[in-house]
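Student: One-letter residues, chain by chain:
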Amino acid sequence: MDKSLAFRMQNIDRRILYIVLLAIVVIGLIFPIPLPLAISPQAQKFFDAVEKAPTNKAAIVSVVWSASTQGENRPQTEVFIRHLMSRRIRILIMAFGGDAQSVTLAQEITGDLAKEYNYEYGKDWISLGYRLDQTGTLKGALLDIVQVYKTDSKERRPLGEWPVMAGVKSLKDIGVVGEISASGAYKNWIGLVGSAMSAPLCYGPTSVMAPELYTYLDSGQIAGMMFGIKGAAEYEALLVKSGVLKKAGFTTRAITPISLALVLLFVLIGLGNWGMYAARKAEAKG
Amino acid sequence: MDWLQRLLSRLFPPLHGTGFYIAIIVCLILFVALFFVIQLLPPKARKMIIVGATFFAGLFYAAEFFLPASPKPKDENFLTFAVPTVANFQNVLTAFTLGLGIYSLVRVHGSNVLKQKPNWENSVVLLGGMIVMAVAGLGWGEKSLFYRSLFRDVLANFDGAMFAILAFFIISAAYRAFRIRSAEATLLMVSALVVMLGQIPIGQFITSGLPENGSYLSLLRLDNISNWLLTTVNAPATRAISFGLGIGALAIGLRLWLSLERGAYFEAKAE
Amino acid sequence: MSHASVRWESSLLVALWAAIILVTVVMSQRGKKYYIRRIPGLNAIDEALGRATEMGRPILMVPGLTDINESVAPLQALSIFSYIVKASAKFGNRILLPCAKPAIYTVAQEVVRDSYAAAGRPELYAPDSVRFISDRQFAFAAGVSGLIYREQVAASFLFGDFYAESLIFAETGQQVGAIQVAGTVQTTQIPFFIASCDYTIIGDEFYAATAYISRDPTLLGSLVGQDISKILALVIIVIGTICMTIPALGGVNSFFVQWFKF
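Taken in sequence, the protein lines are chains A, B and C. All residue numbers for the first sequence refer to the working numbering, where the first residue is 814 and numbers rise by one. All residue numbers for the second sequence refer to the working numbering, where the first residue is 5 and numbers rise by one. All residue numbers for the third sequence refer to the working numbering, where the first residue is 31 and numbers rise by one.
One thing to keep in mind: the hints can contain errors.
[What the hints assert, rightly or not] Simulated crosslink set (BS3-like; lysine-lysine; CA at most 27 Å straight-line):
no., chain 1, residue 1, chain 2, residue 2
1, A, LYS1000, C, LYS63
2, A, LYS870, A, LYS936
3, A, LYS936, B, LYS147
4, B, LYS147, A, LYS928
5, A, LYS963, A, LYS982
6, A, LYS865, A, LYS936
7, A, LYS963, A, LYS1000
8, A, LYS928, A, LYS1054
9, A, LYS1000, A, LYS865
10, B, LYS147, A, LYS963
11, A, LYS870, A, LYS982
12, A, LYS985, A, LYS963
13, A, LYS985, A, LYS967
14, B, LYS147, A, LYS967
15, A, LYS928, A, LYS967
Source of the hints: derived by calculation from the structure; they are not laboratory data.
Construct the entire structure; sequences and hints are all you get.
Tutor: Quick look at the structure:
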């Protein structure tokens, strides 16, 4: 064994790591490896919650993400909205978070899917708009959504005039709530309005956020969860299985680069430890 | 207790058109005047006002939460009707603070440019970007191609690029940090590897020959072990930390609400 | 939970915790002495300040990403920074305090100015040391990273609510060789800080920090109240677990079991 090589493995220049990672991600995107993906119980529960949602009640899609996390949050939002549209459930879009672009992105995604599913704005879906203060807005919406939002965010017409709002006075009249988020906003839903609503609350966090949510899945305060983009891919697989989608799309394809990046991580961790072990052994020998 | 709601709606009826704008201007003038009056007061009186305002602002949400509410589905008490108004009030206050942020940016970077401090070129780009974006949004409007191009094609991609940098940083940080130096570190690394493998198809493929469920052998599947670690090991630890954090937040919330802390925030100046 | 009356049992518990904390605060203010264990991460603050003095480079403090109306964490962070500013005033270290929220920026200005005044060095306060960067997460991350690189900070203190930008700050700080101390209430970010920072304050140690470094009776009392409240929560969890386990094992359905079923 080349001792100096082992030593060098302890301190590989970070620029080399970055280049290898970039190459692996690009290769993974171009040449996806078709491997079956096991469906996690959390994604299955999210899917089931939407599947069981009453079609005569509206659903809330709460969007708390911006362009920065769209790599994970956009596919989650897409599969969730697609599933709702396939079941002809009315959709109300709410947008929160530190960034007002959440509403623009949500409208863009819903607008594109609406063409595919023949969803009409104002009749089948509506954008309630962006609010900075989620706490106050949710507390208010628990009493009266129309009073809190007053107008929709696209056409700026009084909310009560839109047919999509028929029978929807407050959050208590909602059939299912799904929040796709890059932040810890779920605490507002659980803490402020969760117990007052009859609708199940489903969550789509980024992968980093996801481990925090297992506590609430366990307690039943969150009905289901999409674990980052991997959760979105699982959801997409469920949509394919149930016939909503003909074949899996980009979301499933994106799993290959993630897998390869993690394999690279394992290799690097192994190399680093091998280097450390070799160095220690050499030191012990003197 | 409906009288309170009726009284308030009679005193402050909804305004439209010119009346609405006049009300905004009057409010602005009143609050600016109030600001200067507070500045003129002696420190002790100013402190009393701050303590009082903090207490009453906090009291609203506390009282609204703790006072008994009518049974479900109504679930309201006599303060509940004011929640949306207070929420709007909060939104307006938050929006006003943005002006302070812009003031800070212009002061710091304006001075960089005027005094030609090192890297002043960066400040020019920042101020230029801020002005162009504001002009595009306010002048051309949200639906214009100009604004949408800047927003969708430039800003959104910059944001995405910054988030993507994380992938590189995770690789370098994990490579440096995951060294087996002790028994605990070994345990941590093995569990991390199992969780990561269980999350990806390549990892799931390794144990895909085992039955998915219904057999003891299914417990050895990497995806099942990973899920077990997340739900049975990670979740209780997270919950324990959350309990501590929740109680800690309650304590600091109480201290701030009742202005119990000495020497913090505005008090040092007041004494 | 929208109102206390929806689940009066848990609301009662919150009221009880609040009462316990207030009682211990009053007792501490009246002179009762409390012991507080060592928190290594906070001892490192002085070490970091010493190093910054030796190197003649600035100290960076970031109070996280959230606003005053979203979380109490940034205010707690500013309390810790107040101590750091007072300590750095002795050595005349230059400080940098970038903010992501305008409201935090205004409070931070007051805190820094007052801290210099309290340390007897009001002339050291430089208005540009506290600055607003951007309320957009990654614009803020880019701004702070740039600041870390350009100023080659010697010490970096990251306290408050951090999200995805945590690793960006910590890795950039690591690359310029800064000594880094971090503490966050966002449990998902703790692993990133552990991987990249020299010291990480975990969980509610973050809220204990000001009590530990200032030894102020109010804060110490509050900390002891928190610990008593946690013990109470632990006792309830144990009793609750037993009560839920007995029926699950096909056991009793007594009043006691029912009472704890909230």
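Student: Of all the hints numbered above, which does this structure not satisfy? Sort the numbers upward.
Tutor: 1
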